[in-house]
Amino acid sequence: MRRRLAGLSLLGLLTLTAAACGSGGGSGAQQPADGPATITMWTRAATQAQSERLVEAYNKTHRNQVKLTVIPTDNYQPRIAAAAGAKQLPDLFAADVIFVPNYTSQGLFMDITDRVAALPFKDELAPSHMKLGTLDGRQYTVPHTLDLSVWFWNKDLYSKAGLDPEKGPATLKEFAEQATTVQEKLGKDGKVHGTFFGGNCGGCYVFTFWPSVWAAGGQVMNPEGTTSLNDQPAMTEVFKIYRSLYENKVTGPTAKEEQGPTWTGFFPKGEIGVMPMPSTTLGSMPADMKIGVAPIAGPDGGESTFVGGDSIGISATSRNPDAAWDFLSWSVGDEAQVEVMAKNKDVLARTDLSSNKYSAQDPRVVLVNSLVAKGQTPFALRFGQTFNDPQGPWLRFAREAVFGDVSKLPQLNAEITKSLQQ
Amino acid sequence: MTMTLGRTGRAARTAPPARWRSRKVQGWLYASPTAVIVGVLFLAPLVLVVWMSLNRWPLLGQATFNAPANYAKIADNPLFLDAVLFTLKYTAITTVLLSAVALGLALLVQERRPGIGFFRTAFFLPGAVGFAAAALLFYGMLNNDFGPVDPMLQALGITSEPVKWIGTPDMALFSTITLVLWRFAGFNMLILLTGLQAIPVEVYEAARSDGANRWQIFTRITLPLLRPTLALMLILSVTGSLLAFDQFFVFTNGGPDNSTVSMVMVIYRDAFFRFDLGGAAALSVVLLAALVGLNALMMRRLR
Amino acid sequence: MKRYVTLSALAVLFLFPLVWSGWASLKEPSNYLEMARFGEGVGTYATNSVLVSVMTVAGTLVVSALGGYAFARFDFPGKNLLFLATLAILMVPYATILIPLYVLLGYLGLQNSLVGLALVFVMFQLPFALFMMRNAFEALPRELEEAALVDGCGTFRAFARILLHAVRPALITVGLFAFLASWNDFFAPLILLNDGASFTLPVAVVSMTQRTFGAIDYGMLQAGVMVMAVPCLVLFIVLQRHYVRGFMSGALRG
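Chains as they are written, first to last, in the UniProt record's numbering: chain A, 1 to 422; chain B, 1 to 303; chain C, 1 to 254.
It is worth saying that the hints were derived from the structure and are not from the lab.
Since the structure is predicted, the reported quantities are computational estimates derived from the model, not experimental observations.
Among the hints, erroneous ones may be present.
[Claimed, not checked] Under the rule of at most 25 Å between Cα atoms (straight-line distance), these lysine-lysine pairs were calculated in the BS3-like manner:
no., chain 1, residue 1, chain 2, residue 2
1, B, Lys24, A, Lys269
2, A, Lys249, B, Lys164
3, A, Lys256, B, Lys73
4, B, Lys164, A, Lys191
5, A, Lys269, A, Lys256
[To be verified] Label-pair distances were calculated between CB atoms; the ranges are:
no., chain 1, residue 1, chain 2, residue 2, range
6, A, Gly283, C, Ala58, 42 to 50 Å
7, A, Lys269, B, Gln154, 19 to 27 Å
8, B, Met298, A, Glu224, 16 to 24 Å
9, A, Gln65, C, Leu233, 50 to 58 Å
10, A, Ser105, B, Gln154, 46 to 54 Å
11, C, Arg168, A, Arg63, 52 to 60 Å
12, C, Gly109, A, Lys269, 48 to 56 Å
13, B, Ile217, C, Leu144, 52 to 60 Å
14, A, Gln411, C, Val230, 50 to 58 Å
15, A, Gln65, B, Gln154, 50 to 58 Å
For each residue, glycine too, the CB sits at the ideal point set by N, CA and C.
Start from the sequences, fold in the hints, and give me the full structure.
Structure representation (structure tokens):
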């Protein structure tokens, strides 16, 4: 009997320890019954800096407090899916704008149509983000942070290669010529390359190649996002130019294998002449590096951009929608946009504020801000699984178009359409 | 399904019959924490997985019963069927290499000699790096532009130009297996070392005084007495390889061109990219059933 | 001598990736400063990681030592079924069972809790730990236990006083593996914890390294790998003297 008791007491001890620790660990999640509300918010690590600045400024000036949790970028989607499955979504969550239509159609966001309609500046909110936040005429999200694709060129390398350092490419063909010049003049030692792109990364392709299609007046999908138009001449022209850049060894040798983790890492090292880059990386470039910024152009001109970044909405299960909306409406208001976003050279969510007292200091920022109204964000309910997913049909299509067998494209394009319609 | 893998485990039960009933109760008491953990944290969620596999399961909102649609559509999933073949191939190669390398390392470091602690630590240390981080580390190390491996191989005259480490299907598999060996060989070495330690020194001494040579000692004493430990390692390796995920998800991305897509990658994709929780649950149930069957078979063989 | 040449060559191969990572991370020491200030501060994440790891190791050791003894030395109804169910834990795809687990921990009031996370880790460690401990107890000579029983010890005292000492190498292996698994695991804390203040180190480190559009900050990654690996290195060096041949015979004599 004594030994049995000993065994039992050990078990009891284990349970007790667990219980004691449990009350300590769990108490942080409790909310006070009245008084100022604390709302929870999630964002992905890629846009953490902007979210943190907004939340900090809001918490300083408001009684309600926002508690921000940053989640690793690559795992954000699984995290949201798991939280939704367990009905434990936070009050507010930001999401990569291209995933928003899918989340909305799954019912993850709350309808905020009437609240948005009451905003005096509702028509000035980044139009492509607003379009993706709309489903069946109802509005679910507002723009949160914006990240645009633009061409960066390295002015020092341009000077050394005998190019005009102040004149970047105005067409995709000029882009190719200038990249080729840099490669021919400076590429001998194998360190410097004309250009670079993520050749085994579906998200990189759409972000950097599609704006050239839009700039030429073309489209990549029908407006409903259910039919792929990537086999049309507007797209194939763009592929052809990049294909010849790769075949002539103007790109870094690893372009074909690049899956994404290092694709933005070569330009800041001063190893690339000209390439498409996310606009948010401008602030993190080496201070002594002279960088020119140009809008992405089509083969013969025009200009466009992929308006990426995050949109944000109130989760369908939030118990604090009013407090959550208070933060959202403040975050797109004049003060937050100018004193928080513009002050840190971030792209603004409002087209009417693109020229402000801070952006005037850097003409490149004005240029990026001005592109928000011109650029596009493609709409498709099945965007992620078709275009971003490495096992999706788009990556195979793009790789055949740039590195492989062009005759396979019609069939692969049909698979993209099939995936979009699933 | 008794799994008395140990030699001593087969020794005659000597407990007197009078204490038999009480020993039954005692056995249950000792096993009860295990039963609670397994029941509450594993079997209960597992039941939910099975239930999910019988439903169309949206992220939010009401599930609708649709059995057996989630199972029926597995046959129409070419990505998964390809992944089955690839994963089996990967498992076979990895298990053979990993067992051989781990056993070799364990034998090299099993005896106390000056400096042996350093070597044990060196072989084991990669196991201290998280697997996803290790995969990213390899991705950077094998990068043709800034990774240190290519210049070193060229300086040593082994290769003349950068190697496409993950550029072709075969190289991608080779590089992945290298990563796995690096990360897990020390781990498995430790498991085997624990098994080696359990062999009483007296047994070796007796064999040596009988005039057995080193090879005879290895085949007649070490291997048979290591059997339960080898069985554990084999089960861990086969099961772990069949469930391989991080090494492909992070390191090769399933590429180039879907040549290294493992089964769990497909499940992950269905659950978290396509939000088809019911379909992913069905794939998981099928995979679990296959693994339980396979392991039952292996254990029977290894008895 | 030949043995040492082989060992040294192998050691170079095994250590190279880590040495490269450490060396590269020191080229920009600012990475470590940035890491220390990230989010809630590296101290919070390290504390969470230590708490979870300690709870996991303690839980795994207690459950698997008791269970291993039961499976090695006792017969009871449902024994084989329980053993098979435990081993099946190994065989379920990790990602799929986490969503139901997340729901379940919510029912138990353990959502967003380090205790809940540690319990999940104990569960995932159990197949390995139980197998290991069962093998260890089975390998003990039966006489050891019987001598204690004859001396008037009950089974629990025999277990606690004598047998546990005899299986110490297995306990250390099980504890070490439980530590490594809980210290390094990324996916379970990512899914099961809701609040940035309760995140563990791996989640924070991965957050720090990921930049926009899939880009990885390699300087941060290498620094992160070092911060994660150093405690494991220290622990292993401390414990590794227990992996010394001849221990068993010592226990027999004692």
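That 50 to 58 Å hint for A:Gln65 and C:Leu233 (C-beta), does it hold up?
violated, 40 Å
Tell me if the straight-line CA distance from A:Lys249 to B:Lys164 falls inside 25 Å.
Distance of about 16 Å is within 25 Å: holds.
Kindly confirm whether 48 to 56 Å is satisfied by the beta carbon distance between C:Gly109 and A:Lys269.
holds, 51 Å
Taking 50 to 58 Å as the stated bounds, is the beta-carbon spacing between A:Gln65 and B:Gln154 within them?
Check passed, 57 Å falls within 50 to 58 Å.
For A:Lys269 and A:Lys256, compute the direct alpha-carbon distance and say whether it is at most 25 Å.
Given that 25 Å is the threshold and the Cα spacing comes to 20 Å, the pair holds.
Taking 25 Å as the top limit, are the C-alpha atoms of B:Lys24 and A:Lys269 close enough?
violated, 70 Å
Could you see if the CB distance from A:Gln411 to C:Val230 stays within 50 to 58 Å?
For C:Val230 against A:Gln411, whose Cβ atoms are near 52 Å apart, the range 50 to 58 Å holds.
Does the Cβ pair B:Ile217, C:Leu144 satisfy 52 to 60 Å?
Violated, since B:Ile217 and C:Leu144 (Cβ atoms, about 25 Å apart) do not stay within the stated range.
Could one say that the CB atoms of C:Arg168 and A:Arg63 fall in the range 52 to 60 Å?
Distance hint for C:Arg168, A:Arg63 holds at roughly 58 Å.
Given the hint of 46 to 54 Å, check if A:Ser105 and B:Gln154 actually sit that far apart at their C-beta atoms.
holds, 52 Å
Check the hint pairing A:Lys256 with B:Lys73 against an upper bound of 25 Å on the C-alpha distance.
Not OK: A:Lys256 and B:Lys73 at ~34 Å, beyond 25 Å, violated.
Just tell me: holds or violated, for the beta carbon distance of B:Met298 and A:Glu224 against 16 to 24 Å?
violated, 52 Å
Hint violations for this structure: numbers 1, 3, 8, 9 and 13, all remaining hints satisfied.
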